[in-house]
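So the sequence shown is residues 1 to 130, counted in the numbering used here.
Please note: incorrect hints may appear among the correct ones.
Unchecked claim - Result set (SDA-like, lysine to any residue): computed pairs, CA atoms no more than 25 Å apart in a straight line:
| # | residue 1 | residue 2 |
| --- | --- | --- |
| 1 | 7 | 40 |
| 2 | 7 | 45 |
| 3 | 7 | 26 |
| 4 | 7 | 52 |
| 5 | 7 | 24 |
| 6 | 7 | 34 |
| 7 | 7 | 39 |
| 8 | 7 | 22 |
| 9 | 7 | 51 |
| 10 | 7 | 55 |
No lab work stands behind these hints: they were computed from the structure.
All values reported here derive from a predicted model rather than from experimental measurement.
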Amino acid sequence: MESLTLKLPAMYADHHVIEVRRVLSTLPGVGDIYASSAFQSLEVEYDSTLTNPQTIERALDEAGYLSDMPVPVEIGTEAGQVEKPFFRHTTAYTQVGRTVSFAQEITSTGRPLWPCPGMGVIQRKEADHA
Numbered sequence: 001m002e003s004l005t006l007k008l009p010a011m012y013a014d015h016h017v018i019e020v021r022r023v024l025s026t027l028p029g030v031g032d033i034y035a036s037s038a039f040q041s042l043e044v045e046y047d048s049t050l051t052n053p054q055t056i057e058r059a060l061d062e063a064g065y066l067s068d069m070p071v072p073v074e075i076g077t078e079a080g081q082v083e084k085p086f087f088r089h090t091t092a093y094t095q096v097g098r099t100v101s102f103a104q105e106i107t108s109t110g111r112p113l114w115p116c117p118g119m120g121v122i123q124r125k126e127a128d129h130a
């Protein structure tokens with residue numbers, strides 16, 4: 001068994017870990033899968049006679065996990081730079097100032113409000129029986 005380690009920028013929550021494990025477990029030759037949403041990293045063991053890193057990366061890319069999240073950055077300040085503000089400001093900042101609150105209205109459509117890998121409709125794949 002060989003090992004492949006990848007950074008997955010779009011795997012930022014535990015439900016993504018479940019989806020990454022599901023995507024990779026369908027590939028032939030994939031063994032142990034270690035995925036961390038906290039570190040946005042993946043380590044997968046695979047049998048090189050049955051699969052290769054390109055196949056694994058292609059499956060993850062098709063699922064939307066290898067690319068960065070499509071969220072526009074509003075300021076270019078790195079975390080830890082004291083002289084510049086770190087938090088991004090929206091147009092609402094001019095009205096509310098330094099008041100911080102978060103709210104999200106969940107609609108009943110059963111889909112995320114932004115592009116979110118792993119939140120699509122789960123499709124059952126039927127196994128071929130010969």
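For a quick check of understanding: which of the numbered hints are violated here, in increasing order? Violated hints: none at all, because every hint is consistent with the structure.
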